[in-house]
Amino acid sequence: MPQVFHRSSNSIARLSIIGAAVTAALIGAIVYIVARSPLATGQHVPPAQPVPFSHAHHSGGDGIDCRYCHQSAEYSAVAGVPPTETCVNCHKQIWLNSPNLRPVRESERTGQPIQWVKVHDLPDFVYFNHSIHIKKGVGCSTCHGEVNRMQLTWQVAPLNMGWCVECHSQPERFVRPRSEIYNMQWQPPANQLELGRRLVDEYDIQKKVYCDTCHR
Amino acid sequence: MSIRSRSYDLWLKLFGTGQRDARQTGGGLNRLAVGVLAVALLFVSACASNHRDQPYYEAQDPSAFFPDGKADRPLPPNTVPQGQLRLDEHLYQGTSNGRPVNTFPFPVTAQVLQRGQQQYNAHCVPCHGFAGNGDGMIVRRGYSRPTSYHDERLRNESLSHYYDVIVNGYGAMPSYADQVYPRDRWAIIAYIRALQLSQNANVRDLPAEDQELLNHPPTPAAGDEGEGEEGGH
Numbered sequence: 001m002p003q004v005f006h007r008s009s010n011s012i013a014r015l016s017i018i019g020a021a022v023t024a025a026l027i028g029a030i031v032y033i034v035a036r037s038p039l040a041t042g043q044h045v046p047p048a049q050p051v052p053f054s055h056a057h058h059s060g061g062d063g064i065d066c067r068y069c070h071q072s073a074e075y076s077a078v079a080g081v082p083p084t085e086t087c088v089n090c091h092k093q094i095w096l097n098s099p100n101l102r103p104v105r106e107s108e109r110t111g112q113p114i115q116w117v118k119v120h121d122l123p124d125f126v127y128f129n130h131s132i133h134i135k136k137g138v139g140c141s142t143c144h145g146e147v148n149r150m151q152l153t154w155q156v157a158p159l160n161m162g163w164c165v166e167c168h169s170q171p172e173r174f175v176r177p178r179s180e181i182y183n184m185q186w187q188p189p190a191n192q193l194e195l196g197r198r199l200v201d202e203y204d205i206q207k208k209v210y211c212d213t214c215h216r
Numbered sequence: 001m002s003i004r005s006r007s008y009d010l011w012l013k014l015f016g017t018g019q020r021d022a023r024q025t026g027g028g029l030n031r032l033a034v035g036v037l038a039v040a041l042l043f044v045s046a047c048a049s050n051h052r053d054q055p056y057y058e059a060q061d062p063s064a065f066f067p068d069g070k071a072d073r074p075l076p077p078n079t080v081p082q083g084q085l086r087l088d089e090h091l092y093q094g095t096s097n098g099r100p101v102n103t104f105p106f107p108v109t110a111q112v113l114q115r116g117q118q119q120y121n122a123h124c125v126p127c128h129g130f131a132g133n134g135d136g137m138i139v140r141r142g143y144s145r146p147t148s149y150h151d152e153r154l155r156n157e158s159l160s161h162y163y164d165v166i167v168n169g170y171g172a173m174p175s176y177a178d179q180v181y182p183r184d185r186w187a188i189i190a191y192i193r194a195l196q197l198s199q200n201a202n203v204r205d206l207p208a209e210d211q212e213l214l215n216h217p218p219t220p221a222a223g224d225e226g227e228g229e230e231g232g233h
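Here the protein sequences line up with chains A and B, keeping their order. At position 115 of the first sequence (counting the first as 1) the number is 115 in the numbering used here, and the numbers step up by one without a gap. At position 183 of the second sequence (counting the first as 1) the number is 183 in the numbering used here, and the numbers step up by one without a gap.
Treat the hints as calculated values from the structure; they're not laboratory data. One thing to keep in mind: the hints can contain errors.
What the hints assert, rightly or not - Okay, derived cross-link-like pairs now, DSSO-like style, lysine-lysine, Cα gap no bigger than 30 Å in a straight line: (1) A:Lys136 <-> A:Lys118; (2) A:Lys92 <-> A:Lys136; (3) A:Lys135 <-> A:Lys208; (4) B:Lys70 <-> A:Lys207; (5) A:Lys92 <-> B:Lys70.
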């Protein structure tokens, strides 16, 4: 009986086994990379907002401090987006007739809030709290980037678990003096590790890596 | 029927070919079962992603239920939140027996002044400017110009007046009651007093050695400027 398979079939079979393994690994790698890429985490792309509010104008250009609008970051879990009344403080007098501000005037008239689109949104099974981070010397820009240079606000950090835990296990690499919390252009100095270790001591910063820190 | 036997029944309905239910209704049920299962699986995966977005309100969420469109609810009338009884008239109303005061409700320390500076810079500087002259950035962009803090009348106003302006606003100035909390209001007022002092200071108030320094400023040591050019460090 003639041979059904040519001799090369052996190597083809072996190759295809290896090929299957490589393909599987590749698919795995692609899934892994895509899941951590800005595509999946929503980084770097500002969502459209009902009012084209610009941090670059208000904070960068006119020097308005973050606390003017996000004062609760210091006291509570949420930093919060300011209510319409905060905008009206200034816009009752300046840029009165700008079409861009129509939703602000509308909201003031009707009492219905402006429906800002969330830029950052952790899954609901994660607990986050702003005030503890501010108290322990983590600056806004460590997590949010140079907000005062953004025309529309976008997300800078991946906000996945690995990102949170990287800092929670090595806070000395990221913390800064409390006086620099609102400095968006702060960069870690050359001796960050030395400075960081001193601050970890001074502010009594704990390494919070247990699951129930963030999943309660 | 116990739960277990009920689910056993369901199991049989779905997969039990040749068992009692299947026999009664024929093979059509099997296909139906597969369909039902497929749809059920869809729901399972929907549940799996739903734990990211669970059915409860977070702070500042919108609400279709309440007429003002907000999930955050205002305080019901005639109630006092825990820890906010606010009986201290001096601290919370800025008056004493309804009369203006010229004292602080707590001692003004360096720490209080620092806090006042931060809060002043965040909330007042946009209009009043860093030195309190009334030339802040927003004023330069067209907002009405506030009276300078170094104006004779304002320097002589009582602390109560400042507290009242922060809480209730004044003319073209909006109220800052929602943005600045009571202790911070006093810290800001203390800092404004410091600013007023700074623009009206008398050289004779300085310690003797500082006066000496002012009158005879040290001449820069020779060679100070040349050093950089040599690139020796």
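So which of those numbered hints doesn't the model satisfy? Per hint list: 2, 4 violated.
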